[in-house]
Amino acid sequence: MITIGAGILGTGAYLPDNVLSNQELAEHFGVTTDWIYERTGIHNRRIVAPGQACSDLAIAAARQALTASGTTPDEIGMVIMATSTADYRMPATAAIVQGALGIPAAACFDLSAACSGFVYGLVVACHAVSCGFCPKVLLIGAEVLSQVASPADCDSAILFGDGAGAVVLGAVPDGYGLLATDAGSIGSEHGAIVIPAGGSRLPASPEALAEQLQYVRMDGQQVFMFAMRVLGNSAMRVIQKAGLSLEDIDLFIPHQANRRIIEAAAGRLDLPMDKIVIDLEQCGNTSAASIPIALHNVLHAGRIRHGDRLVLTGFGGGVSWGSALVRWHSVEE
Amino acid sequence: MSTMEKLQQLVVKVSKGRLSEAVLTPEARLNEDLGLDSLAQSELIVLVEDTFAITVGLEEAAKVTTIGGILAFVEGTVVS
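Residue numbers (our numbering), protein chains in the order written: chain A, 1 to 333; chain B, 1001 to 1080.
These are computed hints drawn from the structure, not numbers from a lab.
For glycine and all other residues, C-beta sits at the position ideal for the given N, C-alpha and C.
Watch out, some of these pointers could steer you wrong.
Computed Cβ-Cβ distance ranges for the label pairs, DEER-style [claimed, not checked]:
#1 A:S245 to B:L1058: 45 to 51 Å
#2 A:K241 to B:E1021: 35 to 41 Å
#3 A:G199 to B:I1054: 32 to 38 Å
#4 B:G1076 to A:C131: 50 to 56 Å
#5 B:K1016 to A:Q214: 35 to 41 Å
#6 B:K1016 to A:R303: 21 to 27 Å
Please work from the sequences and hints to get the whole structure.
Here you go:
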């Protein structure tokens, strides 16, 4: 139970300049642009330039979050980087971000929970503030998924994009910030989404590359069914844990996996679509980055007001899920 | 409401109202006749599981290609 209020103080988001359109993908895979849009709800994805890495996107988003929250680098005591596409296997990309931003000594680590990573990071960050570990935490979700989407795999290529979203978390008045959480994993189904090669199970090798095992493999039907069930179930659990009802929630910000998944999950529980953020038409599925990017965009579009209650729900590889119920505290209040 | 009527309602919901119950005969094929793509079929499986309180494995789901096939699976599972 949180005893000292901790919440989001400011946000940032960064998308690389290069655009990968449905037109290009349709020509490459021999399908139509309508077919792609109908299956995904995506028109365009943003793709890194050659030489641009995960930390480059993260740093750009983090600078915005620091500015928006009025935070100086020396106030940050922890940097969490939620990603599945880190710059290196070691060291943590969070440390690279720390160095680039001039943040003094801070606990820096990467968090591997795929598309649930941002919500998991939010929980860790809020508790770090609540227990007095540090006054402020920089949490970033950033991905370069274009590098793990096989150019031969239509299902992956039409979904994934690159991008980063960041938030600074710190103390907020009682009754605001993180109110309740729900999270879990079903590890027995970890094979549903996997990048087979590059880890200790199957190190990178010429043989692995020849078999294209460095790319993400996904059982689309299994993932769709898991996501459809868990999105609504986890959101409802976190609302109940907070002692609230569906009507008390102002905005749902789910992981932007695929429009069809979000609509199916919402339809299953009769969740109101006008309260559900769908923000993937122009950037695709950016995994751990999708929730903070969507949060940043709706905040700047004026859809979040002081006191609003938001439910953020991530789901994906693991297979894993996580929900956070946040009562928004505007810095101006 | 019969099992078939409940099933028809679910298919209409998944089709976002595009399909009417009149075309949802036992012989109707999910993809070829009704135009339900793989994602819509996955959505239908989850709704069938919720509605009839059963579990449909992926292997079983792959074998079912018609409205009548789903009906037979549901009735067989619920009875057993």
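Of the numbered hints stated previously, which ones are contradicted by the structure, given in increasing order? Violated hint (a single one): 1; every other hint is consistent with the structure.
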